[in-house]
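Colleague: Sequence:
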Amino acid sequence: ESLDSKLQSIRRRGFIVVDEVKELSIGLTDTALEAIKNNLIIVKDIITVLTPELISSGGWKDVEFKEFDLSVEVPMVYPSRKHPYIEFLNYIRDVVVSMGFEEVKGPHLELEFWNFDVLYVPQYHPARTITDVYFIKEGVQVEYDVDREVMEVVSKIHEDGGPANSLGWGYRWDPRKALKLILRTHTTSVSMRTIYERGEGEYRCFSLDRVFRPDTPDPTHLMEFHQLEGIIVGREVSFKHLLGFFKEFARLLGLGDVIFKPAYFPFTEPSVEGYVKHPKLGWIEVFPGGMFRPEVLRPLKVVSCNVAAWGIGIDRIAMMVLGIDDIRELYSNSLDVIKGMKIPKTLLRR
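Under the numbering used here, the letters of the sequence shown match residues 41 to 390, in that order.
Honestly, the hints are just simulated from the structure, not real lab data.
27 angstroms max Cα-Cα, derived DSSO-like pairs, lysine-lysine:
no.: 1; residue 1: Lys122; residue 2: Lys382
no.: 2; residue 1: Lys177; residue 2: Lys145
no.: 3; residue 1: Lys217; residue 2: Lys145
no.: 4; residue 1: Lys220; residue 2: Lys341
All chains should be modelled from the sequences, with the hints used to inform the complete structure.
Modeller: Right, here's the structure in full:
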């Protein structure tokens, strides 16, 4: 049996791979060498870029410029720009500011007091357990000063209703738990601090920042995400103003129709959840809100004003605007994922 047939047999069985290698040699003929010798052929360097050095030295006279073939397609160039999600967040800020709101900031590392207790969330509520909150280890020090008078009013309201003239929650409120550190679970704590600092009046504020919850990551949930929180403070502010804000905000973002359903939150009454429709995921809840209860406002010395409040899951809206089905892709640095995002013209014009 020949060597070729043996190799073919082994190759068919997948034991070897046969590659063919060709060698190409190019050389000048005697005629070409004679022409060069008699200066009938002039050898010049071929260049594609005219540099300042070639111009100043006069060297451009001794070179040959390569001809350009305008029919050849050039490689696609992707210029640097901000991540589409960052562009989206900045656009959201512009939209909310255009609606008459002022942006405010607050700490990521927060006291349970501002995150829960002021919001009339009882200390035994399941949303305050390790399954829903990132707790900070004992020993971490921060310089947060809490108004003792506010703490006293919050304590009375939780225990028996106090100056809010309600029933309260009927338990012994613990100030030590209220002063524990957590990673904030919502930006409503920023609204609480803002109302405490400004009191009664006519103002609109919002916060667009990160919040933290120990969720299991999936196409619609993350452990760290952005929330758009806002308040409308005024004597004549009503629940209708809140619903009107949701509708106008959805219109400005091109989200289509909004449907509302009654909801329950410990700190608002009445409360609402607004839903918009994702083309693949169906109806998604993105507009929770309500009117702050007296139990929330009394400790902050707000008596004659109403406060409409909302906390929007802005990442879910980003999914709809950018045309993605998985919330985790908002933070992707994969160029393939980023190129596949639907960039609205409103973002491109920024």
